[in-house]
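Q: Chains as they are written, first to last, in the numbering used here: chain A, 1 to 291; chain B, 1001 to 1134.
FYI, nobody ran anything at the bench for these hints, they're computed from the structure.
All values reported here derive from a predicted model rather than from experimental measurement.
One should not assume that every hint holds.
[Stated by the list, open to error] Pairwise CB distance ranges (calculated): (1) Y1078(B) with V217(A): 27 to 35 Å; (2) G1080(B) with M278(A): 33 to 41 Å; (3) K1045(B) with D64(A): 46 to 54 Å; (4) R232(A) with G1080(B): 44 to 52 Å; (5) A46(A) with V1117(B): 41 to 49 Å; (6) V1015(B) with P234(A): 52 to 60 Å; (7) P88(A) with H1055(B): 41 to 49 Å; (8) I1114(B) with D64(A): 57 to 65 Å; (9) G1080(B) with Q145(A): 38 to 46 Å; (10) L1021(B) with V91(A): 41 to 49 Å; (11) L219(A) with R1046(B): 57 to 65 Å; (12) D1049(B) with L204(A): 37 to 45 Å.
[Stated by the list, open to error] Straight line, CA to CA, 30 Å or less: simulated DSBU-like cross-link-like pairs of lysine-lysine: (13) K1045(B) with K1089(B); (14) K1089(B) with K213(A); (15) K1071(B) with K1045(B); (16) K1058(B) with K1071(B); (17) K1045(B) with K1058(B); (18) K213(A) with K1045(B); (19) K1058(B) with K213(A).
Backbone N, C-alpha and C fix where the C-beta goes; we use that ideal spot for every residue, glycine too.
Below are the chains, spelled out letter by letter.
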Amino acid sequence: MTIPSSMYVHRLLDEAFAGIEMSPDRQDLKEEMRANLVARAAELDAAGVAPQAAARQAVDELGDVRGAIDGIEPDPTAAGWSQHRVRPDPVFLVRTVLGSALAATGLAVLVLAGTALDVPIAAQLAAVLAVALAAGAVTADALRQETTANHPMPTGRAVGYGIATVLGVAGAGAGWLYLQDAGLPWIVGGALVVVASAALFAYLGATQTNRHKEWVVRLQASHAEVGDRFTRDPAAAARFGMYTVTTWLVVLAAFVVLTLSVGWAWSWLAVVGGFVAMAIMIARMVFPEHR
Amino acid sequence: MIGNGRDVGSTGVDVLAADLLRGHTDTIVLGLLRRADSYGFEIFKRIRDATGGRHEIKEATLYATYRRLMKDGLIEAYWGDESQGGRRKYYRITDAGRAVYRRNVAAWTATRDIIDVLLDLDERTGTHDGRRSS
Chain A
1 MTIPSSMYVH RLLDEAFAGI EMSPDRQDLK EEMRANLVAR AAELDAAGVA
51 PQAAARQAVD ELGDVRGAID GIEPDPTAAG WSQHRVRPDP VFLVRTVLGS
101 ALAATGLAVL VLAGTALDVP IAAQLAAVLA VALAAGAVTA DALRQETTAN
151 HPMPTGRAVG YGIATVLGVA GAGAGWLYLQ DAGLPWIVGG ALVVVASAAL
201 FAYLGATQTN RHKEWVVRLQ ASHAEVGDRF TRDPAAAARF GMYTVTTWLV
251 VLAAFVVLTL SVGWAWSWLA VVGGFVAMAI MIARMVFPEH R
Chain B
1001 MIGNGRDVGS TGVDVLAADL LRGHTDTIVL GLLRRADSYG FEIFKRIRDA
1051 TGGRHEIKEA TLYATYRRLM KDGLIEAYWG DESQGGRRKY YRITDAGRAV
1101 YRRNVAAWTA TRDIIDVLLD LDERTGTHDG RRSS
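Next up, chain A with everything else stripped away, as it sits in the complex (with noise of 0.2 Å):
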């Protein structure tokens, strides 16, 4: 599926504004920066230049960024950020309320088919039909919404996602209407569409690419170095490994002395003793008072 140059203008555009302290005024100028940069690709693209090519050539064209923000300082406070969070498009929250309904009620059918009422066959089937459909188009059309964190999905990928979630939805509803007593032929044909859903979503599993936005992309490397002490620092890891190997033989000793000694009703104290000691030296290891 081709990706359209704007994609390519999200990620060079993110690239360029990498380890620059953001602010709310510098976040303004990075989203019209943006907008004007999708603008110059698209003429580009309309003149025959490939996508990648073409939003390189706009971000070219640009310059340095830092040139551009001189003058607006950095301001990173949680008030500014709230300023630029994506809010949800309407319409999308109106599309989202109806399609979950449509699967509500298609389910409320196929729960009362089940317990309650006689419901032909057909209407089942019509149930399953639109839980599938309405569970799929939800998928798809979340996925296309830009949020705070992340860019929105090309259209294609999404309706990938979605007819997958489509399949699923629909092979699990077959099953079910072979519990229905509606034949063979449907637990069969159900097993292979529910095969086809998970094919797919295993491809575009596999094929994803990262679609975070820069400022969240930073701030999980920040978190990540907070748990990360034992990649930069092996010496911990080896005392680490040896404390664990030294307490857990105290607690197996312990543990035996305490059997023959006071009996089984107080031995077990032992391990939990284990298990406290190993909380609070993973805790102080990790996550060193002085950092």
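The hints should help you fit chain B onto chain A, whose structure is shown.
A: Positioned in the frame of chain A, the structure of chain B alone reads:
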């Protein structure tokens, strides 16, 4: 800025023209916004196309210009509806901006006339003082 001495080629002329243009970026942007609100790339494109692509004002320069004009209250910004590539930031000229535009155009016209006269001075006065160079 012009090539020194023997060869005043097209590069030297271009550099001079670009420097002159840069000095009037504010007025050029105000002039473009007089008729209709516009956003960054459209402004950039209209400047580029109006000169047949011979001169363009760098986008980074334009971003600084918008900030300066907004700070001075000559233009104001608003975000347009979400398009496929994100929201466009539109600029609208204010009454103060229109006044400054008219004043700058009048100043430029007066300056241009004076410069035309001064650059042609030798031509006009050469016959009187007899010091015309060959």
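Q: All the hints need checking, so say for each whether the structure fits it.
A: Now for the hints, and whether the structure bears them out:
With their beta carbons about 30 Å apart, Y1078(B) and V217(A) fall inside the hinted range of 27 to 35 Å. Separation of G1080(B) from M278(A) is about 58 Å and departs from the stated range, judged on CB atoms against 33 to 41 Å. In this structure, K1045(B) and D64(A) break the distance hint of 46 to 54 Å, their C-beta atoms being roughly 21 Å apart. Checked against the hint of 44 to 52 Å, the C-beta distance between R232(A) and G1080(B) comes to roughly 47 Å, which is consistent with it.
Separated by about 47 Å at the C-beta atoms, A46(A) and V1117(B) satisfy the suggested range of 41 to 49 Å. A hinted range of 52 to 60 Å for the beta carbons of V1015(B) and P234(A) is consistent with their spacing of about 58 Å. Distance hint for P88(A) and H1055(B): a CB-CB separation of about 43 Å, consistent with the stated range 41 to 49 Å. Separation of I1114(B) from D64(A) is about 38 Å and departs from the stated range, judged on CB atoms against 57 to 65 Å.
Evaluation of the 38 to 46 Å hint for G1080(B) and Q145(A) yields a failure: the beta carbon distance comes to about 19 Å. In this structure the hint that L1021(B) and V91(A) lie 41 to 49 Å apart at CB holds, the actual value being about 44 Å. A C-beta distance of roughly 39 Å is found between L219(A) and R1046(B), which places it outside the suggested range of 57 to 65 Å. For D1049(B) and L204(A), the Cβ-Cβ distance of about 42 Å falls inside the hinted range of 37 to 45 Å, so the restraint holds.
A C-alpha spacing of about 15 Å is found between K1045(B) and K1089(B), which places the hinted pair at or below 30 Å, so the restraint holds. The suggested pairing of K1089(B) with K213(A) holds, with an alpha-carbon distance near 20 Å, which does not exceed 30 Å. Distance check on the hinted pair: K1071(B) and K1045(B) sit about 24 Å apart at the alpha-carbon level, within 30 Å; holds. In summary, the hint linking K1058(B) to K1071(B) is supported, as the alpha carbons are separated by about 20 Å, within the 30 Å threshold.
Simply put, K1045(B) and K1058(B) have alpha-carbon atoms about 11 Å apart, close enough for the 30 Å limit, and the pair holds. The straight-line distance between the Cα atoms of K213(A) and K1045(B) is roughly 28 Å, inside the 30 Å bound, and the hint therefore holds. Between K1058(B) and K213(A), the direct Cα distance comes to roughly 27 Å. Compliance with the 30 Å bound is thereby established for this hinted pair.
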